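Protein chains in written order, with the working numbering: chain A, 40 to 230; chain B, 418 to 481.
Keep in mind the hints are simulated off the structure, nothing from the lab. As the structure is a prediction and not an experimental result, all values here were calculated from the model. Certain hints may be false.
Unchecked claim - If you only want the chain B side, here are some residues facing chain A, beta carbon under 7 Å, derived:
1) Trp437
2) Trp473
3) Gly475
Claimed, not checked - With a cut-off of at most 20 Å between alpha-carbon atoms, the simulated SDA-like pairs for lysine to any residue come out as follows:
4) Lys162(A) to Arg441(B)
5) Lys162(A) to Ile446(B)
6) Lys103(A) to Ile202(A)
7) Lys89(A) to Asp147(A)
8) Lys162(A) to Leu419(B)
9) Lys162(A) to Trp424(B)
10) Lys162(A) to Asn462(B)
11) Lys151(A) to Leu467(B)
12) Lys225(A) to Lys89(A)
13) Lys151(A) to Ser455(B)
14) Lys89(A) to Asn462(B)
15) Lys103(A) to Pro137(A)
16) Lys103(A) to Leu113(A)
17) Lys162(A) to Ile470(B)
18) Lys162(A) to Leu442(B)
Each residue gets a CB set at the ideal place from its N, CA and C atoms; glycine is no exception.
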Amino acid sequence: MTNWLKTLLTGINPWLPVFAFVTLFHVIRESYVDALIFAIGSVILVVDWKRVLPWRMPKRLEVKNWVLALSISLSCLVLFFSDRGGWQDILLLLAIGPAALFLVYYRDHGPKPSGNGTMTRTKWIWMTLAIFMAVSELFAYIWAAVFRADETYPTISMIVSPILDSPYGRSVFLLIWMLIGLGLLKNGKRS
Amino acid sequence: MLSIPEWEYLGVIFLGLVAWLIGRLRPDILAPFGDLVSRIMHNRNNRLALVIIWWWFGWHFFTV
Chain A
40 MTNWLKTLLT GINPWLPVFA FVTLFHVIRE SYVDALIFAI GSVILVVDWK RVLPWRMPKR
100 LEVKNWVLAL SISLSCLVLF FSDRGGWQDI LLLLAIGPAA LFLVYYRDHG PKPSGNGTMT
160 RTKWIWMTLA IFMAVSELFA YIWAAVFRAD ETYPTISMIV SPILDSPYGR SVFLLIWMLI
220 GLGLLKNGKR S
Chain B
418 MLSIPEWEYL GVIFLGLVAW LIGRLRPDIL APFGDLVSRI MHNRNNRLAL VIIWWWFGWH
478 FFTV
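This is chain A alone, in the form it adopts within the complex (with noise of 0.2 Å):
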């Protein structure tokens, strides 16, 4: 590799060919909002690994039990009871994704946890578990792309979306969106 390549991909986020590859996979499919998200979700990437922004957050900011807990009931009670797709959506949703993104910028600190061969190989099978899962997908837009049958091999939206129609299933996703979330947040505490 030239040396200016090297100098220029030094540091490099390894997610940012990842969202690079998924925001052009979007415009394909002619999803220009998913596209626009990958492609404002590389940016970030890309202004953090560059360090355009002189603004600093040294520390993780703690916050209160209690305020994390209102901000998700809140969260949950707007996204369950308001119509899917409706402003009310949108609006919560554009608020939460500045708000997460904050409370993870925070600089690294302290030392990584210790990594031996039962970590790695956890991180081997997750990460099979989710390539499978991932190329599972993109085979069936392509799937339904050419043969024009969406039903014989259906993506997980198709699959997720009448079911998240129904009260029960729009509250078991939400459920399980929001755990996720807390987990990624509150996560790295222990490091």
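Using the hints, position chain B against chain A.
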């Protein structure tokens, strides 16, 4: 009758549950899922990317 992807997704969910359970019961074989997430979330690179992906899931399923 379930379609092929439905079987695939259910299979992944099942295997994920098995991996999670092994992590809880036999941490010498597989690390607990929480430890893996802690390790991943130590780096800001991962934190930013995963939060964006998580948020997109919410957007995709609640607004479409």
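Results of checking the hints against the structure:
| no. | hint | result |
| --- | --- | --- |
| 1 | Trp437 | violated, 9 Å |
| 2 | Trp473 | holds, 5 Å |
| 3 | Gly475 | holds, 5 Å |
| 4 | Lys162(A) to Arg441(B) | holds, 15 Å |
| 5 | Lys162(A) to Ile446(B) | holds, 12 Å |
| 6 | Lys103(A) to Ile202(A) | violated, 34 Å |
| 7 | Lys89(A) to Asp147(A) | holds, 16 Å |
| 8 | Lys162(A) to Leu419(B) | violated, 30 Å |
| 9 | Lys162(A) to Trp424(B) | violated, 24 Å |
| 10 | Lys162(A) to Asn462(B) | holds, 17 Å |
| 11 | Lys151(A) to Leu467(B) | holds, 18 Å |
| 12 | Lys225(A) to Lys89(A) | violated, 26 Å |
| 13 | Lys151(A) to Ser455(B) | holds, 9 Å |
| 14 | Lys89(A) to Asn462(B) | holds, 12 Å |
| 15 | Lys103(A) to Pro137(A) | holds, 18 Å |
| 16 | Lys103(A) to Leu113(A) | holds, 16 Å |
| 17 | Lys162(A) to Ile470(B) | holds, 18 Å |
| 18 | Lys162(A) to Leu442(B) | holds, 17 Å |
Hint compliance for this structure: hints 1, 6, 8, 9 and 12 are not met, and every other hint is.
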